Amino acid sequence: MFVSVPDRHLSRERDPAALIALAALAERTRPVAASRTRLLPVAPALADLLPDGALRRGSTLTVGGPGDDGALSTALALVAAASGTGVWCALVGHPGLGAVAAGDLGVDLGRLALLPRPGPAWAEATAVVLEGVDLVVLCPPFPPRRDMARRLVARTRERRAVLVVVPGRAGWPEPPDLRLRISDVAWEGAAGGEGHLRRRRLTVTATGRRSAARPTRRVLWLPDADGTVTPAGCAGTGG
Amino acid sequence: MDRLLVVRCPALLSEDEGGAVLRTFAEVLTAVEAYCPWVTPVRPGICSLPARGPARYFGGEEALVDLVHEAASGVTPAEVGIADGLFAAVLAARHGVVVPAGGTPAFLAPLPVGILGQPDLAELLDRLGVRSLGEFAALPDADILGRFGADGAHGHRVAGGRSGELADLRQPHIARLLDTDDSPDTPEVTEPGFWGGVSDTDARAARCLAVAQELLGPDGVVTAHLQGGRSPAEQSRLVTWNTGGRPGGTTGGTRPAPPPVAPWPGRIPPPAPAVVHPDPVRADLADTRGEPVRVSARGLLTSSPDRLSVEGGPWEPLSGWAGPWPADERWWSRSRRRAARLQVVTARSAHLLLAERGRWWVEATYG
Chain A
1 MFVSVPDRHL
11 SRERDPAALI
21 ALAALAERTR
31 PVAASRTRLL
41 PVAPALADLL
51 PDGALRRGST
61 LTVGGPGDDG
71 ALSTALALVA
81 AASGTGVWCA
91 LVGHPGLGAV
101 AAGDLGVDLG
111 RLALLPRPGP
121 AWAEATAVVL
131 EGVDLVVLCP
141 PFPPRRDMAR
151 RLVARTRERR
161 AVLVVVPGRA
171 GWPEPPDLRL
181 RISDVAWEGA
191 AGGEGHLRRR
201 RLTVTATGRR
211 SAARPTRRVL
221 WLPDADGTVT
231 PAGCAGTGG
Chain B
1001 MDRLLVVRCP
1011 ALLSEDEGGA
1021 VLRTFAEVLT
1031 AVEAYCPWVT
1041 PVRPGICSLP
1051 ARGPARYFGG
1061 EEALVDLVHE
1071 AASGVTPAEV
1081 GIADGLFAAV
1091 LAARHGVVVP
1101 AGGTPAFLAP
1111 LPVGILGQPD
1121 LAELLDRLGV
1131 RSLGEFAALP
1141 DADILGRFGA
1151 DGAHGHRVAG
1161 GRSGELADLR
1171 QPHIARLLDT
1181 DDSPDTPEVT
1191 EPGFWGGVSD
1201 TDARAARCLA
1211 VAQELLGPDG
1221 VVTAHLQGGR
1231 SPAEQSRLVT
1241 WNTGGRPGGT
1251 TGGTRPAPPP
1261 VAPWPGRIPP
1271 PAPAVVHPDP
1281 VRADLADTRG
1291 EPVRVSARGL
1301 LTSSPDRLSV
1311 EGGPWEPLSG
1321 WAGPWPADER
1331 WWSRSRRRAA
1341 RLQVVTARSA
1351 HLLLAERGRW
1361 WVEATYG
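Residue numbers (the working numbering), protein chains in the order written: chain A, 1 to 239; chain B, 1001 to 1367.
Simulated from the structure, these hints should not be mistaken for laboratory data.
Please read all numbers here as calculations on a predicted model, not as lab measurements.
Errors might be hidden in some of the hints.
Some chain B residues close to chain A (C-beta under 8 Å, calculated; not the full set) [stated by the list, open to error]:
1) Ala1011
2) Ser1014
3) Leu1209
4) Val1222
5) Trp1315
6) Pro1317
Note that beta-carbon positions come from the ideal geometry of N, C-alpha and C, so glycine has one too.
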């Protein structure tokens, strides 16, 4: 793992682990306006799933599963931490975001633009939004053509944004930099009329390219009882 | 574009001083709400509801129009129509017609350009010999923006049935005007973050969102504001994204912290659902014998739910359920009614259901 460190005197430090920690700290505390560094922070529970422990600018991720259960929540959880540091987010193509849930996950609703029904112009609208918004969650309303998807991936790289695609039924024809698959979804709390939905356990498996080619698996509470995302035990123990 | 049913009450189109118009309008909303809990007031005398779900319940759009017309006419004379998008649906109501799905451009084509409510544009078009919306829509896109400006370009998309509504069709704060009950005032989040604390990031985002708005229409880019409320839908409000305060013109400083949202009586306990359906989604709930499950007069279920069907789809067995929670009347409604919310879990999803007048709707999904 290599993290770019802009300050020269820092690179003279000996301990690489300390360097990385410093870089991560700098990333978190950096003023918003100057935030053109390579990585965007994620919630600690999700960091292990990402090759850099953070969202890498210019990359495209997909989030999906056998059903759609949990995909939107996971996508929102991914962008929440960066949103909390003042980075702008947009949600394109999802007509019914539960704003309370998004807020509970840590998404700053004041810096979240919603394009709920872009219709046939969805790809163009996404391209426009990528010009100035650093985190874009896209739920394609129609099956994307390969060239459309490719263009959006290229635009994401060029603008140093992060594109999180929730393919849903429409699909996504381009291989992403990182694929998150959701499985083993189970709700806790509601049984036979007693109680209420308390929290959801799900397993997220991340598969990427190159260094991240080996799948990483984490069991999460998403949402946990307070609406946030937290780890639910070690890899492989869920099920 | 949304398939919308619009109720237009000619006698209630402008407010009066005593508030009688708004009170009557609130009664209309309550009457219409009997057929669909997703009624949205647009401006005094005009409300809309998504037509798709309710039409499935009531045996087609024509049947729905008849039922809603009868309900609203019990309060005040009303016109009802259905079309794609709010602009066309209001006109459909004025003509009392159901414009078939996809037929909106043809329905709009013969109408005069003046109907867009932009006198300057209409005059200019008239001089060019363009008199109907159809002729206007036929002008090539490429010529529009340069010649007629952003408003003209949006009018052009509305005329061609490609965009749903004009910017000033909705009266802002109409919901608050109608809010006659005594619920505690919760402070509203006022545009946090947009322009408080101006940064390069904010300015870049503002520029590209303004372009997106030109592409999709003013209602194409929105933000969510939290507010008090019992149901997931009531707890947030979508507001058209507004470039009103330009980056240079703001006072800067720190962004206001979002006000705490007070605990709301009758609220479903957290966590909140990630998906709140903007259109009513029809649901059927049955017990082990296949009998429909209802909510009794005491707010209890008539039997234990066993399976769920969404939008008339296949039955899915429930792995868990919780509730019901009594749902109080909606804010504009005076009449008490028996409504309840229920959480259900299937193998694929968990939903929040709303029961009202013997019908079940999927209000939200824990997606």
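Hint by hint, here is what the structure shows:
1. Violation of the interface hint for Ala1011 (chain B) is found here, the shortest Cβ-Cβ separation to chain A being roughly 33 Å, above the 8 Å cut-off.
2. Interface hint status for Ser1014 (chain B): violated, as the beta-carbon distance to the closest one in chain A is roughly 31 Å, over 8 Å.
3. Taking 8 Å as the C-beta cut-off, the interface hint given for Leu1209 (chain B) holds, the closest approach to chain A being about 5 Å.
4. Because the closest C-beta pair between Val1222 (chain B) and chain A is about 5 Å apart, less than 8 Å, the hint holds.
5. At its closest, the beta carbon of Trp1315 (chain B) sits 17 Å from a beta carbon of chain A; the interface hint therefore is violated under the 8 Å criterion.
6. With a cut of 8 Å, the hint placing Pro1317 (chain B) at the interface with chain A is violated, because the nearest CB-to-CB distance is about 13 Å.
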